[in-house]
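For this one, chain A is given, so just place chain B on it according to the hints.
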Amino acid sequence: MNPDVKMHTKLDAKVPAGSLAEKWDRHRFNLKLVNPANKKKFEIIVVGTGLAGASAAATFAELGYHVKNFCIQDSPRRAHSIAAQGGINAAKNYSNDGDSVWRLFYDTIKGGDFRAREANVYRLAQLSCNIIDHCVAQGIPFARDYGGFLDNRSFGGAQVSRTFYAKGQTGQQLLLGAYSSLMRQVSTGMVKLFPRREMMDLVVVDGKARGIVVRNLITGELETYTAHAVVLATGGYGNVFNLSTNAMASNVTAAFRAYKKGAYFANPCYTQIHPTCIPVHGTFQSKLTLMSESLRNDGRVWVPKKPRDKRRPGDIPESERDYYLENKYPSFGNLVPRDVASRNAKEQCDLEKGVGETGLAVYLDFADAIKRDGENAIAGKYGNLFQMYEKITGDNPYKTPMMIYPAVHYTMGGLWVDYNLMSTIPGLFVLGEANFSDHGANRLGASALMQGLADGYFVIPYTIGGYLAQTSFSEINVPDSKEFKQGIQNVQQRIDKLLSVNGRRTVTEFHRELGLILWEYCGMSRNEEGLLKAREMVSNLRHEFWKDVYVPGTGKDLNQSLEKAGRVADFLEFGELMILDALARKESCGCHFNTAFQTEENEARRDDQNFCHVACWEYNGDDQVPNFHKESLTFENVELSQRSYK
Amino acid sequence: MISKTINLTLKVWRQNRGEKKGRLETYSAKNISVDMSFLEMLDVVNEELTKNKKETIAFDHDCREGICGMCGAVVNGRPHGHEKETTLCQLHMRHFSDGDIIVIEPWRARAFPLIKDLVVDRSALDNIIQAGGFISVNAGGAPDANALPISKEIAEAAFNAAACIGCGACVAACPNASAMLFVSAKVSQFALLPQGRPEAARRARTMVRMMDQCGFGNCSNETECEAECPKGISISNIARLNREFLKAEFS
Numbered sequence: 000m001n002p003d004v005k006m007h008t009k010l011d012a013k014v015p016a017g018s019l020a021e022k023w024d025r026h027r028f029n030l031k032l033v034n035p036a037n038k039k040k041f042e043i044i045v046v047g048t049g050l051a052g053a054s055a056a057a058t059f060a061e062l063g064y065h066v067k068n069f070c071i072q073d074s075p076r077r078a079h080s081i082a083a084q085g086g087i088n089a090a091k092n093y094s095n096d097g098d099s100v101w102r103l104f105y106d107t108i109k110g111g112d113f114r115a116r117e118a119n120v121y122r123l124a125q126l127s128c129n130i131i132d133h134c135v136a137q138g139i140p141f142a143r144d145y146g147g148f149l150d151n152r153s154f155g156g157a158q159v160s161r162t163f164y165a166k167g168q169t170g171q172q173l174l175l176g177a178y179s180s181l182m183r184q185v186s187t188g189m190v191k192l193f194p195r196r197e198m199m200d201l202v203v204v205d206g207k208a209r210g211i212v213v214r215n216l217i218t219g220e221l222e223t224y225t226a227h228a229v230v231l232a233t234g235g236y237g238n239v240f241n242l243s244t245n246a247m248a249s250n251v252t253a254a255f256r257a258y259k260k261g262a263y264f265a266n267p268c269y270t271q272i273h274p275t276c277i278p279v280h281g282t283f284q285s286k287l288t289l290m291s292e293s294l295r296n297d298g299r300v301w302v303p304k305k306p307r308d309k310r311r312p313g314d315i316p317e318s319e320r321d322y323y324l325e326n327k328y329p330s331f332g333n334l335v336p337r338d339v340a341s342r343n344a345k346e347q348c349d350l351e352k353g354v355g356e357t358g359l360a361v362y363l364d365f366a367d368a369i370k371r372d373g374e375n376a377i378a379g380k381y382g383n384l385f386q387m388y389e390k391i392t393g394d395n396p397y398k399t400p401m402m403i404y405p406a407v408h409y410t411m412g413g414l415w416v417d418y419n420l421m422s423t424i425p426g427l428f429v430l431g432e433a434n435f436s437d438h439g440a441n442r443l444g445a446s447a448l449m450q451g452l453a454d455g456y457f458v459i460p461y462t463i464g465g466y467l468a469q470t471s472f473s474e475i476n477v478p479d480s481k482e483f484k485q486g487i488q489n490v491q492q493r494i495d496k497l498l499s500v501n502g503r504r505t506v507t508e509f510h511r512e513l514g515l516i517l518w519e520y521c522g523m524s525r526n527e528e529g530l531l532k533a534r535e536m537v538s539n540l541r542h543e544f545w546k547d548v549y550v551p552g553t554g555k556d557l558n559q560s561l562e563k564a565g566r567v568a569d570f571l572e573f574g575e576l577m578i579l580d581a582l583a584r585k586e587s588c589g590c591h592f593n594t595a596f597q598t599e600e601n602e603a604r605r606d607d608q609n610f611c612h613v614a615c616w617e618y619n620g621d622d623q624v625p626n627f628h629k630e631s632l633t634f635e636n637v638e639l640s641q642r643s644y645k
Numbered sequence: 000m001i002s003k004t005i006n007l008t009l010k011v012w013r014q015n016r017g018e019k020k021g022r023l024e025t026y027s028a029k030n031i032s033v034d035m036s037f038l039e040m041l042d043v044v045n046e047e048l049t050k051n052k053k054e055t056i057a058f059d060h061d062c063r064e065g066i067c068g069m070c071g072a073v074v075n076g077r078p079h080g081h082e083k084e085t086t087l088c089q090l091h092m093r094h095f096s097d098g099d100i101i102v103i104e105p106w107r108a109r110a111f112p113l114i115k116d117l118v119v120d121r122s123a124l125d126n127i128i129q130a131g132g133f134i135s136v137n138a139g140g141a142p143d144a145n146a147l148p149i150s151k152e153i154a155e156a157a158f159n160a161a162a163c164i165g166c167g168a169c170v171a172a173c174p175n176a177s178a179m180l181f182v183s184a185k186v187s188q189f190a191l192l193p194q195g196r197p198e199a200a201r202r203a204r205t206m207v208r209m210m211d212q213c214g215f216g217n218c219s220n221e222t223e224c225e226a227e228c229p230k231g232i233s234i235s236n237i238a239r240l241n242r243e244f245l246k247a248e249f250s
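Chains as they are written, first to last, in numbering that gives the first Met the number 0: chain A, 0 to 645; chain B, 0 to 250.
Here chain A stands alone, though its shape is the one from the complex (with noise of 0.2 Å):
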């Protein structure tokens, strides 16, 4: 522990008593219910409109409740959960390979190693099932196999075939269903949709959260709204990279909001860098753009034995190809987690094997899949994805190999929630990748979209009532709400200072040193001299941002700078908790790899005895360090055991 750092109270997670099978059953039974008349008396707000949103509002409302639904693009369908390309588990065991819901809740226990609840895990496992039924009766295109049946592959990290998808498109499948779903719920008039909104601030009225403080942006006005309960479902934090998969619009403010509010921060330190990335190109690079993981189900990652070879890969020898993940790991191969292939791909880049002109990616090679099944099985599979990579790199992965290398993709960190996805805020439930819940320190592959939906359609439907069903609630008048008035102020106040500080550097430059800051020291591996020179860069940017930052335009229209300037100051302070988080946790774990702590093998080597915990962090004003909060993980059901994937 950091010696500014004081060490606070233990969370109370309220995970049901009774055997893991039986607690979502037997706490759905003891959850008080709001009466079906009354359900219509109450209004939810629900921010963001990605899987776990969607989903949220769509059933929210199917049960009768009212509710207001916000997003930041111009359509809810819009959402980055869009993007997802690979598939969404299920313990069906439709492949007859001996799946079940314990074997994807062990799986995900251990991917995330052993940092995640056991309760939610579980639970989730067995949601899984419900979550296929539901998006068939939908209406959403799955793969199917001759017979008409689901079709199913293998993903990064599993034995069994258990992922269900939709060619390479299936979060834009799953997405489009949640959504259909949701229109369903706006044309009866139980959602109210507000497109372009982004939340600026969290009210809290009586220590429960009320209410929600807008910016709409197309007129730039300030809009309040409140209800009984606010729902945030605003996804992950990656962009704090600057560089990463997510969408442009991607941030971290809706969450650092209520954070200031009260809200405890959960491991946010825990972020994943995904494998299979197309590289960078450049400096004005945008974004960076995943191609699925699913890949390395027929692709064969490979650098030449001899550094800094620069022979085009055909001309490239068997005997001087080095497939560095068969060799090492030889009974998962290819398909070794995410965090293990990344370090893998960086550490063949340092030792000078990269390929191609920067030297920093690896290949990932078909020609034995297309050898094997042809070239029509090959694009039946993958057929939009090298489809995609062709667009952005001009090469042709039939041809020649795929480049790859590893980018900031998901973040398992997230705002801290009990067992009923609710927040240490009263009212204020947390949903899908904006929560910390059920990946611990790493995310397998196709179990984001998963969670998502299970949070969204079977999960917070039902908790949400044992809240509104307890709670009682005081009117608010808005004009007259003195929250809502300071909520108003505060955030103006914030608006104007950016756009006075009239400065002479761009949002973007800000955010792009920040980015290679956080890459460079609390990216892949860590370690405590890099953490805490970075803990200082990241301060001082923050306050030269403050004193040097230039944005154009005004407050009182679609200023997309402006927006992008609130986000990225956002960014700067949480930049510096995650920063914290990590030199908090003296173990490796997962995702977050401190060099000083690995096993003979360079896995991650973690500190069970000290840190088998949610990290969890409560602001305490500006430029103060925060409280520290712990949630000690109990595993009752699993036996903790070093991962290794040789």
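Since the hints were made in silico from the structure, they are not lab data. Don't take every hint at face value.
[Unchecked claim] Across the chosen pairs, the derived CB separations fall in these ranges: (1) A:Pro-306 to B:Thr-222: 50 to 60 Å; (2) A:Glu-528 to B:Pro-148: 52 to 62 Å; (3) A:Ser-99 to B:Ala-247: 42 to 52 Å; (4) A:Asn-395 to B:Thr-222: 21 to 31 Å; (5) B:Arg-22 to A:Pro-306: 51 to 61 Å; (6) B:Arg-109 to A:Lys-31: 43 to 53 Å; (7) A:Glu-317 to B:Ile-153: 37 to 47 Å; (8) B:Pro-148 to A:Thr-357: 42 to 52 Å; (9) A:Gly-382 to B:Asn-241: 21 to 31 Å; (10) B:Asn-75 to A:Lys-398: 24 to 34 Å; (11) B:Thr-4 to A:Asn-395: 16 to 26 Å; (12) B:Asn-75 to A:Arg-371: 39 to 49 Å; (13) A:Ser-499 to B:Asn-241: 50 to 60 Å; (14) A:Asp-96 to B:Ile-153: 21 to 31 Å.
Just so it is clear, CB atoms sit at the ideal spot from N, CA and C, and this is done for glycine as well.
Structure of chain B alone, referenced to chain A:
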């Protein structure tokens, strides 16, 4: 990495919010790497504008990997530019030459009111989906996913229709500003699948009505929509929509 760079002249539509008429303004885009995407090229121009303390060009964009459907502009007269089956964010500068003059305009359609510069309001597309672009099923009641086998061919045909990203390029391409390709893609996806059949007739009727109400034009078989669709949605979907609609009207 050292890669080839080019210099370009841009003519960009600028129109403030609430302004009745816009105008084309000229900008130069210098030292543009051919590996950049079209939107990254616009980022460079916007950075330059910011440094000169001028207001940036507003344009919609988000995922920048061709799937969210948020981006889009008419580039040299063609929605999303001249490359086949490509969104604007996936159009790379290697498809342009040094010295090119590029004209960039917003989608133009009565149903897509202009907001600012290249940004238009496409909420009419959401209205059409609200009118019937769904299967009425509540969470919780579905049978086992494998209880209903669906042939691979049908599933793939439904998938191909479902690949629409709702960007509105079809509307921008159509001389009538019709949204028939968009409507037909959703109607086809559900009409092909057995789960969607119970509501097929109602869906075809309500979605077409809403399209008319929103101010989109009719289809006169120009096939521009198919030519410009970044996802290659086939106009055979429009034929299917017509059949579904006629069946619904006369039954």
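Tested hints:
| no. | hint | verdict |
| --- | --- | --- |
| 1 | A:Pro-306 to B:Thr-222: 50 to 60 Å | holds, 54 Å |
| 2 | A:Glu-528 to B:Pro-148: 52 to 62 Å | holds, 60 Å |
| 3 | A:Ser-99 to B:Ala-247: 42 to 52 Å | holds, 45 Å |
| 4 | A:Asn-395 to B:Thr-222: 21 to 31 Å | holds, 29 Å |
| 5 | B:Arg-22 to A:Pro-306: 51 to 61 Å | holds, 56 Å |
| 6 | B:Arg-109 to A:Lys-31: 43 to 53 Å | holds, 51 Å |
| 7 | A:Glu-317 to B:Ile-153: 37 to 47 Å | holds, 43 Å |
| 8 | B:Pro-148 to A:Thr-357: 42 to 52 Å | holds, 49 Å |
| 9 | A:Gly-382 to B:Asn-241: 21 to 31 Å | holds, 29 Å |
| 10 | B:Asn-75 to A:Lys-398: 24 to 34 Å | holds, 30 Å |
| 11 | B:Thr-4 to A:Asn-395: 16 to 26 Å | holds, 24 Å |
| 12 | B:Asn-75 to A:Arg-371: 39 to 49 Å | holds, 44 Å |
| 13 | A:Ser-499 to B:Asn-241: 50 to 60 Å | holds, 58 Å |
| 14 | A:Asp-96 to B:Ile-153: 21 to 31 Å | holds, 27 Å |
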